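> Chain residues, written in single-letter form:
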Amino acid sequence: MTEFLQHIINGLGLGAIYALIALGYTMVFGILQLINFAHGDVYMLGAFIGYYAGRYLGLANVPGLGSLGAALALAMLGAAVAGYLIERFAYRPLRKSPRINVLITAVGVSLLLEFGGQIIFGADPKFFPTLYVPGEPFMIGTLQMNRLQLLVLAISLVLMTGLRTIIFKTKTGRAMRAVSFNHDNAALMGIPVDRIISVTFMLGSALAGAAGILVGLTYPKIDPLMGVMFGLKAFVAAVVGGIGNVTGAVIGALLMGVAESLVIAYWASTYRDALAFGILILILLFKPAGLLGTHRQEKV
Amino acid sequence: MNSGTSNLSALSQPILEFRNVNVHYGAIHALKGVSLKVETGKIVTLVGANGAGKSTTLRAISGLLKPSSGDVLFRGQSIAGQRTDRIVALGISQAPEGRGIFANMTVAENLELGAYLRKDKEEIENDRAHVFELFPRVKERLWQSAGTLSGGEQQMLAIGRALMARPSLLLLDEPSLGLAPQIIERIFEIIVKVNRSGTTVLLVEQNALLAMEIAHYALVLETGKVVAEGPSVELSRSPEIRKAYLGED
Ligand SMILES: Nc1ncnc2c1ncn2[C@@H]1O[C@H](COP(=O)(O)OP(=O)(O)O)[C@@H](O)[C@H]1O
Ligand SMILES: [Mg+2]
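Residue numbers (the working numbering), protein chains in the order written: chain B, 1 to 300; chain E, 301 to 549.
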């Protein structure tokens with residue numbers, strides 16, 4: 001029983017990181033009906049920003065919450081800028097083009113970041129610098145709590161709460177919800193639609209950037225293709241939760257993390273990726289719109 | 301320009317003017333050289349059958365569509381092709397066809413969105429109180445999801461929300477659509493009230509008879525062209541108009 005709970009906790013830690021990425025997929029889909037294939041690569045950029053900040057800004061020399069915070073801030077900022085540029089220069093010019101053109105462009109941007117990353121960062125895996133040295137694990141009853149894992153969970157939770165607050169409690173968030181409901185009607189309220197779309201990309205990308213750091217902390221090998229499978233699974237989590245739905249993305253991601261952790265523990269880690277798609281197919285068979293999804297009328 | 305003449309011209313200047321406006325949807329020529337004027341302080345109605353180009357006209361005013369040629373002037377300044385949020389900031393609000401309610405939000409949030417560009421908190425609160433006076437039903441439903449409102453309540457919310465921007469020109473696209481006669485009557489009474497308190501209204505209606513009852517001036521649109529116009533009283537008396545557009549033989 002203890003062991004089982006342990007795997008659940010591990011799974012929630014992994015799921016929380018998936019959630020940070022899944023939120024960006026779901027927000028962008030909600031506002032543009034676009035699957036932003038480059039989103040997983042923005043997460044990779046976040047990890048590399050953390051890597052270089054740790055190496056060359058000396059953050060790794062003084063590991064601790066301060067260094068971790070600084071790396072997080074830089075990665076989130078860098079990822080937000082990347083997200084802004086991707087939307088502004090790749091997607092916005094195609095706003096009125098057929099959906100398929102935008103989709104192909106998204107794949108193109110993704111490939112550009114992956115292979116551009118291989119050229120600039122090098123294709124070999126790199127070891128993520130130590131930004132934070134966790135203390136010894138401690139026990140709650142018979143459960144062994146890993147401090148790093150708790151920290152990752154706590155950071156994810158803070159970021160997700162922050163995002164929820166922005167979306168549901170601020171004027172910008174209200175504008176985001178209005179734009180994702182209907183662009184023209186939002187514009188008639190005086191909402192600058194393009195600017196709100198930029199903000200949405202930046203927020204989603206910042207969370208993916210943070211996820212890059214958190215993954216670097218827990219699974220410290222990073223490479224320019226790290227966003228492919230991880231991003232895909234976060235996307236699947238968003239679809240499982242009901243794409244476009246923010247709460248759904250978090251639930252889908254936690255589910256995915258826990259399921260993956262259990263598969264690794266009780267089955268074989270070779271099947272962990274197959275599992276993601278197994279879950280997707282199963283859930284979509286029974287709930288085509290995802291767990292919390294509502295099928296909205298397709299816009300013509 | 302000297303200020304004497306600009307004051308004079310301001311007196312006679314229409315709040316809105318179309319000069320030979322053409323609008324295309326791809327190959328479809330929806331507005332074919334439309335010219336029109338909306339005098340400040342009036343209710344002007346644009347009537348015509350389904351597909352005549354009424355909504356297209358309003359969308360072109362709000363900047364949701366860009367004319368392929370011709371000009372749209374607001375207080376004498378060209379606004380054709382400007383961004384919609386800038387046009388709203390100039391003082392033009394629209395309650396669109398189908399009401400355009402954000403069904404995923406509460407009634408209160410819908411009203412707040414109407415005041416999106418404003419920062420004068422106290423005045424916004426006053427205007428909200430005014431909207432509640434005009435539409436008590438909206439106040440009763442304030443914390444309800446806007447998607448759960450009845451059609452009439454949604455239309456009231458759409459008009460109230462447009463008023464939250466404190467527009468000088470209010471564009472209404474078929475506010476009577478799909479509503480019961482008593483509710484239509486109430487909404488039209490409020491349109492008159494809003495106009496009396498100083499807001500110019502451009503009212504698009506398929507229900508021409510009703511619209512001409514409250515409008516000072518009317519234009520008839522037919523397949524993208526203005527085919528008749530004049531003071532509503534005169535136009536609604538003209539036998540040809542009655543026959544062709546008001547369903548009489
Ligand atoms: N999005 C669109 N794409 C193509 N054609 C359109 C579109 N919207 C309207 N039209 C066409 O433009 C003409 C005018 O439409 P509209 O302005 O909606 O008419 P009305 O509001 O008077 O019913 C119609 O022929 C209509 O089919
Ligand atoms: Mg119409």
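Check before you lean on any hint, since a few could be wrong.
Unchecked claim - Chain B stretches covered by chain E per the calculated footprint, using a threshold of three residues with CB under 8 Å from any CB of chain E: (1) 93 to 107; (2) 177 to 183.
To be verified - Below, a list of computed lysine-lysine pairs in the DSSO-like style, where the Cα atoms sit at most 27 Å apart: (3) B:169 x E:493; (4) B:169 x E:439; (5) E:525 x E:421; (6) E:332 x E:366; (7) E:543 x E:337; (8) B:171 x E:421; (9) E:525 x E:332; (10) E:525 x E:439; (11) E:543 x E:332; (12) E:439 x E:421; (13) E:337 x E:366; (14) E:332 x B:96; (15) E:342 x E:493; (16) E:337 x E:525; (17) B:126 x B:221; (18) E:366 x B:96; (19) E:525 x E:493; (20) E:342 x E:525; (21) B:171 x E:419; (22) B:169 x E:337; (23) E:543 x E:525; (24) E:366 x E:525; (25) B:171 x E:439; (26) E:332 x E:342.
Hints in this document: simulated from the structure, not taken from any laboratory. This structure is a prediction, so every number in the text was calculated from the model and none was measured. Built from N, CA and C at the ideal position, the CB exists for glycine as well.
> Next step is simple, just say for each hint if it's right about the structure.
Going through the hints against the structure:
no.: 1; hint: 93 to 107; in the structure: violated (count 0)
no.: 2; hint: 177 to 183; in the structure: holds (count 4)
no.: 3; hint: B:169 x E:493; in the structure: violated (34 Å)
no.: 4; hint: B:169 x E:439; in the structure: holds (21 Å)
no.: 5; hint: E:525 x E:421; in the structure: violated (43 Å)
no.: 6; hint: E:332 x E:366; in the structure: holds (14 Å)
no.: 7; hint: E:543 x E:337; in the structure: holds (25 Å)
no.: 8; hint: B:171 x E:421; in the structure: holds (13 Å)
no.: 9; hint: E:525 x E:332; in the structure: holds (6 Å)
no.: 10; hint: E:525 x E:439; in the structure: violated (41 Å)
no.: 11; hint: E:543 x E:332; in the structure: holds (24 Å)
no.: 12; hint: E:439 x E:421; in the structure: holds (18 Å)
no.: 13; hint: E:337 x E:366; in the structure: holds (19 Å)
no.: 14; hint: E:332 x B:96; in the structure: holds (24 Å)
no.: 15; hint: E:342 x E:493; in the structure: holds (12 Å)
no.: 16; hint: E:337 x E:525; in the structure: holds (14 Å)
no.: 17; hint: B:126 x B:221; in the structure: holds (6 Å)
no.: 18; hint: E:366 x B:96; in the structure: holds (14 Å)
no.: 19; hint: E:525 x E:493; in the structure: violated (30 Å)
no.: 20; hint: E:342 x E:525; in the structure: holds (22 Å)
no.: 21; hint: B:171 x E:419; in the structure: holds (11 Å)
no.: 22; hint: B:169 x E:337; in the structure: violated (42 Å)
no.: 23; hint: E:543 x E:525; in the structure: holds (18 Å)
no.: 24; hint: E:366 x E:525; in the structure: holds (17 Å)
no.: 25; hint: B:171 x E:439; in the structure: holds (21 Å)
no.: 26; hint: E:332 x E:342; in the structure: holds (25 Å)
Hint violations for this structure: numbers 1, 3, 5, 10, 19 and 22, all remaining hints satisfied.
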